[in-house]
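S.K.: Protein chains in written order, with the numbering used here: chain W, 704 to 1080; chain X, 2 to 113.
Among the hints, a few may not be true.
Chain W stretches covered by chain X per the calculated footprint, using a threshold of three residues with CB under 8 Å from any CB of chain X [said to hold, decoys possible]:
hint : stretch
1    : 786–796
2    : 838–844
3    : 860–870
Residues from chain W that keep clear of chain X, each with C-beta distances beyond 10 Å, as calculated [unchecked claim]:
hint : residue
4    : A746
5    : D779
6    : P780
7    : E834
8    : H855
9    : P901
Far from chain X, by Cβ distances over 10 Å, these chain W residues were calculated [unchecked claim]:
hint : residue
10   : D723
11   : Q775
12   : A835
These aren't lab readings, by the way, just hints derived from the structure by calculation. Keep in mind the model is a prediction, meaning the values are calculated, not measured. A virtual CB, placed ideally from N, CA and C, is assigned to each residue, including glycine.
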Amino acid sequence: MSRRAVIAGVGHTAFGKFPDRTAWDLEAEAAAAAVADAGLRPADVDGLLTDPGAVQGILDGITPHFLRLGAQLGLDPTYTGSEILGGAGSVAIVERAALAVEAGLCEACLCVYGDSALSGADAYGYGRGDEAAFGFFGAAGLHALAARRHMHRYGTRPEHLGEVAVAARAYAARVPHAQKRGALGMDEYLASDPIVEPLRRLDCCLVSDGAAAVVVTTAERAAGSRRPAIPILGHAQAHSLSTYASPDHFDALPASRSGPEAFGRAGVAPADVDVALLYDCFTIVVLLQLEDYGFCEKGEAGPFVEGGRIGPGGSLPVNTSGGLLAEGYGGGMLHVIEAVRQLRGDAGDRQVADAEVALVSGHGLGMNTHATLVLGV
Amino acid sequence: MEVSACADCGHLFLPPGPCCPRCWSRRLAARAVSGNGRVWSFATYRRTYHPAMPAPYVVALVELDEGPRLISNVVGCAPEDVAIDMPVRVRFEEVGEFTLPRFEPLSGGGRS
Ligand SMILES: [Zn+2]
């Protein structure tokens, strides 16, 4: 009989600008919080997977991140590694932790994201090889290509992107630790500065210092958790590495492959999802995922989000903690944690009533990488 | 303008690499193409990220008539006049020690 992986503990730091703290310091705080929340002791941790974020992972990636963090935490695990998958990294390491626990490679796998991207200058001003010579800088440019294409092909309007930004801020107003808690109206969204058209400043996620961690273990091992352990019902990854050569690159995400795989393993369908935690580095990515995960037809995400459907009180609550657009840039790990909180019934005045199934996604490296989790109680 | 061509399966591709990304053959050659294509999508930079590229400027994904796609710039017209599916033609520009293939609107309507 196969073992079922669960998320037994979650923990995170504050998110914002902390120039006096290193990412290592933040990661140690988040790790301790998650292990304590799981009802475990440090000596119980025998798996360590890390998502080092942009500053440590891409700019300082000489010493493997897991090696240095493991030394600082005093761990000698049976299973370890770091993933450089951009924004898909955090969800991907939880996905791999589930695989490892299900396979018996480890019993309690600590998954850690951390970064000091706000204090670490220029982390996001990167160019990709020769393309930088054309001024193709930053993730915003890539996602602007996707947004322009969607608008051209399907008639998607700026107000549709705005629905995503407005909903995120409406949720974040209910999240005490959110980095951006002020309400946002559509008029203010539409008046925000163009950055890389058709994207505005308010289409772009926050940059943050902070860390977040979860503990993946077996249901048996989680019996001592202080809070309910949440089963990982389905998980999958899919990637699109051939980029511009693919006819549909920018039109469709690898979510269209990892979604059905994860839903299939979980035995659920999009209609069963009570709360969706969708990676939201840019507003357009949420619209693409609503389509590619099958919540609506291809090209229909704009009309789908109209009228506050994904916001508080809407029929499909999306990113109920405000996500990367308002809660803070947590590499996707905060999305995992919010899913756990919703399924524990632990989400305060943003709680989705009777939440039983949550979808979590990670998306990264300029639309190349994708990871999916389906959690359920 | 040249792209990489696979001698085994005929696939044309950019950027150049160690093997054909379709069949993994390593029998590759450069093939001259027309330099004509169309704008598949584009992004208008309104913020200056690097002094060598003052805003506004247009980064486009250009699909060549022969199939391969590449990231480049659309120059020779106002950013407001760029559109998806717009026919464009390559124009080589010297930038420091590099020669960059940029694209300008293909006027006269001829896509041969
Ligand atoms: Zn070939």
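S.K.: With reference to the structure, classify each hint as holding or not holding.
M.R.: Comparing the hints with the structure gives:
{"no.": "1", "hint": "786–796", "in the structure": "violated (count 0)"}
{"no.": "2", "hint": "838–844", "in the structure": "holds (count 6)"}
{"no.": "3", "hint": "860–870", "in the structure": "violated (count 0)"}
{"no.": "4", "hint": "A746", "in the structure": "holds (47 Å)"}
{"no.": "5", "hint": "D779", "in the structure": "holds (39 Å)"}
{"no.": "6", "hint": "P780", "in the structure": "holds (36 Å)"}
{"no.": "7", "hint": "E834", "in the structure": "violated (5 Å)"}
{"no.": "8", "hint": "H855", "in the structure": "violated (5 Å)"}
{"no.": "9", "hint": "P901", "in the structure": "violated (8 Å)"}
{"no.": "10", "hint": "D723", "in the structure": "holds (28 Å)"}
{"no.": "11", "hint": "Q775", "in the structure": "holds (35 Å)"}
{"no.": "12", "hint": "A835", "in the structure": "violated (8 Å)"}
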